[in-house]
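> The hints should help you fit chain B onto chain A, whose structure is shown.
Those protein sequence lines, which keep their order, are chains A and B. Per the numbering used here, the very first residue in the first sequence carries number 4; after that it's consecutive. Per the numbering used here, the very first residue in the second sequence carries number 4; after that it's consecutive.
Bear in mind the hints are in silico, worked out from the structure with no lab data behind them. All clues given are correct.
The list makes no distinction among identical chains, and a pair is therefore deemed to hold if it is satisfied within one copy or across any two copies.
Subject to a maximum C-alpha distance of 30 Å in a straight line, what follows is the list of computed BS3-like cross-link-like pairs (lysine-lysine): (1) 175 / 247; (2) 188 / 175; (3) 175 / 239; (4) 188 / 239; (5) 98 / 56; (6) 247 / 178; (7) 102 / 69.
There are 2 protein chains.
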Amino acid sequence: MSGPLRIGMFGCGTVGGGVFEILTSRLQYLRSVGVDATVAAVCVRNTANPALKALLAGHATTVTSKYDDILEDPSINCVIELMGGVTDAKDVVFKAIAKNKHVITANKALIANFMPDLTALLAAHPSVRFGYEASVCGGIPIIHTLQSSYTGDGIQEIAGIMNGTTNYMLSKMEKEGASYDAVLKEAQDLGFAEANPSADVDGYDVQAKIAILAKLGFGCHVAPASIPTTGITRIKTIDFEYAKLMGATIKLLGIAKQSSADAISVFVSPVVVPTTNVIGTVHGASNIVNIVSANCINGAYVGQGAGRFPTANSVVNDVVRLAQSVVPVPAFGSTRNVAIQNDYEGRFYVRVRLADGLGIVRLIGTHAEEAGISIDSILQLPITDRNNVDTVVTTDLAKVSQVQRMCDALATLPFVQEIPLFLPIL
Amino acid sequence: MSGPLRIGMFGCGTVGGGVFEILTSRLQYLRSVGVDATVAAVCVRNTANPALKALLAGHATTVTSKYDDILEDPSINCVIELMGGVTDAKDVVFKAIAKNKHVITANKALIANFMPDLTALLAAHPSVRFGYEASVCGGIPIIHTLQSSYTGDGIQEIAGIMNGTTNYMLSKMEKEGASYDAVLKEAQDLGFAEANPSADVDGYDVQAKIAILAKLGFGCHVAPASIPTTGITRIKTIDFEYAKLMGATIKLLGIAKQSSADAISVFVSPVVVPTTNVIGTVHGASNIVNIVSANCINGAYVGQGAGRFPTANSVVNDVVRLAQSVVPVPAFGSTRNVAIQNDYEGRFYVRVRLADGLGIVRLIGTHAEEAGISIDSILQLPITDRNNVDTVVTTDLAKVSQVQRMCDALATLPFVQEIPLFLPIL
Chain A
4 MSGPLRIGMF GCGTVGGGVF EILTSRLQYL RSVGVDATVA AVCVRNTANP
54 ALKALLAGHA TTVTSKYDDI LEDPSINCVI ELMGGVTDAK DVVFKAIAKN
104 KHVITANKAL IANFMPDLTA LLAAHPSVRF GYEASVCGGI PIIHTLQSSY
154 TGDGIQEIAG IMNGTTNYML SKMEKEGASY DAVLKEAQDL GFAEANPSAD
204 VDGYDVQAKI AILAKLGFGC HVAPASIPTT GITRIKTIDF EYAKLMGATI
254 KLLGIAKQSS ADAISVFVSP VVVPTTNVIG TVHGASNIVN IVSANCINGA
304 YVGQGAGRFP TANSVVNDVV RLAQSVVPVP AFGSTRNVAI QNDYEGRFYV
354 RVRLADGLGI VRLIGTHAEE AGISIDSILQ LPITDRNNVD TVVTTDLAKV
404 SQVQRMCDAL ATLPFVQEIP LFLPIL
Chain B
4 MSGPLRIGMF GCGTVGGGVF EILTSRLQYL RSVGVDATVA AVCVRNTANP
54 ALKALLAGHA TTVTSKYDDI LEDPSINCVI ELMGGVTDAK DVVFKAIAKN
104 KHVITANKAL IANFMPDLTA LLAAHPSVRF GYEASVCGGI PIIHTLQSSY
154 TGDGIQEIAG IMNGTTNYML SKMEKEGASY DAVLKEAQDL GFAEANPSAD
204 VDGYDVQAKI AILAKLGFGC HVAPASIPTT GITRIKTIDF EYAKLMGATI
254 KLLGIAKQSS ADAISVFVSP VVVPTTNVIG TVHGASNIVN IVSANCINGA
304 YVGQGAGRFP TANSVVNDVV RLAQSVVPVP AFGSTRNVAI QNDYEGRFYV
354 RVRLADGLGI VRLIGTHAEE AGISIDSILQ LPITDRNNVD TVVTTDLAKV
404 SQVQRMCDAL ATLPFVQEIP LFLPIL
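So that you can see chain A by itself, here it is in the shape it has in the complex (with noise of 0.2 Å):
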């Protein structure tokens, strides 16, 4: 056991008050297994938030507004991050680090995006422990999966949901054949999606988290931005019929594959699930992450991947093992020396929109053939607008730059309406 943990936390709103219901309300229980951890101290910007002062009712904790007030506390031994963002979360997350406070943190943005610096600055201070399993899939204990349990097997494909507002909607499109815009509309109504939408929808979300969990099962540092993503902007409901069509549904995915022995592809983009994969029957709000590998072959972890408690109880997770002193290091697994291939391969669905004409499959046929692609299969629904068609083209195995270039050229077609939307097939 480490003894007694006091902990500074940085933001006490949705997440932190959720932290602190549980430290305080199972504190007798937590006590019982060796976990002896208070909130000494939160740091917020309002300290008048009546709200705050309810939560903290009848506790010692201070609050305070100032960082230093905490940095600076040598009785303060544990840092919880909360608050978000790359600027000032940085600056006290690296500034805990350096004052040798374990740190604990919910920050998927600062972690993907600053690993290499984060993984230097723990080596140069070794009695620093670093939490982060709320930072990607709020309730799913994935980052504690993938440091402890697959340690001698050798992971090859990692894909998961991890934005449950896309989910969400794309759930809403399947099931009731609603617009994109309806139902983005109505995510926004209940708050699960931000008036400013561009995080989830564009895929941004998913991509912090997915270089977060590349690291941990392939070894490999990923640049977020440099990850190809595609968001949901451009799935319509004629997606979900020619999916269902196809036997699968369409989710937006974080995909980590093994392309070569030494090379992974990294990708986000909504992609065609078969219904017959665990992946496609998670629905609504939840969480997939999906993992195959050599010796377990395939194991799914499903559950909350948001919300108050389900995130809480990550952080608090984090809590119990730095108390247990059970946390796996080094915090971001071993590294090693894999390339990243983003001309990922793999079977593509690629939906044409066009006018309705002689010679339009010679033509889909002439470009495939010139961009190296063979075709797997030609779909067609049955036609209620010939001015508008909705085609779709299967593809066997071929690279995303391929399909680019198909898609470029089909695009200049004159009875072609828009620029083919290409999605992979699982």
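Relative to the frame of chain A, chain B by itself:
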């Protein structure tokens, strides 16, 4: 780190051979992450086994058939027990702990039946670490997850498909409409089911597993033999037809759930599972454990429940945690004062085989009422043979003793052809 592990392995067949292969083939990588583990000796019945000789060729591992050659060897600091059974295996495990050797075992029967003795013995030998990840659900890291990810949470229900053989059989019956006898024979021909399939089909395998998970989840020892256990032998294809009518399927589950603030119910039974529940989507030989809890709401862990490398991987995970000193203690979690309520409550599916006639619904209703059961629905698929009609009654919340009483009473009626089958509904 714990320093080098010198392992003595008892049993070196399917799983043991897999463990040896993983530890030797990944030796270099494991050392790079602080895992220095060598299988110094194996103890097997037939030391001349050619497959064993081939496996060990080129390695310094010694082979013996005498338990004490390992147990009395002070240079061996870790025992892996893969013999199975509760006779010799028990002697080996208990003596190893007494000799202050760490123990890793896949032996569910040993753990489930002797957990109180093991707990006491481990308390008397505090330096000993005890790993048993492989004892439940092969490749799913469920033991470690329960040990380390729910400390700040409050578990309300653990329910799982924990036997691949019966899940394979039930999946086949559902998908192909095959009879129980036909799928059992096929499973036996394929080597999935034993010549004497009782441990699987009568639910005893699941009984031991849910006893272990109940301890980790709820803190109370549950004697396996005390767990109400129903196997799959009475399930017929007609049950899948009725389940389908209910938007459900049938799965053999081990369930441990909170029945009141200080009591739990533990049972093993085929269960009617809605196909919208993630448990209902896991087919074939796969396993799943689904955990309902206060903070995380719902978490599901899916994977291979058996097989050489999935199971061996779990054994290796215990080796890794031991070498990295991140084994949670106490091994079986905290012990709490929780009552066991065998007379569990639920909604039930009751199938009554009868000869069609006048007044049947009234009589069923009378007997339900006499047992204090409120009927939710009566289902009737089209009748083909009026002398053998399968009718299904679903109940509102009732205790299993009430349902049993109703079934016993119905069985005495002249037109009822056999004791009605009842299954809980998830």
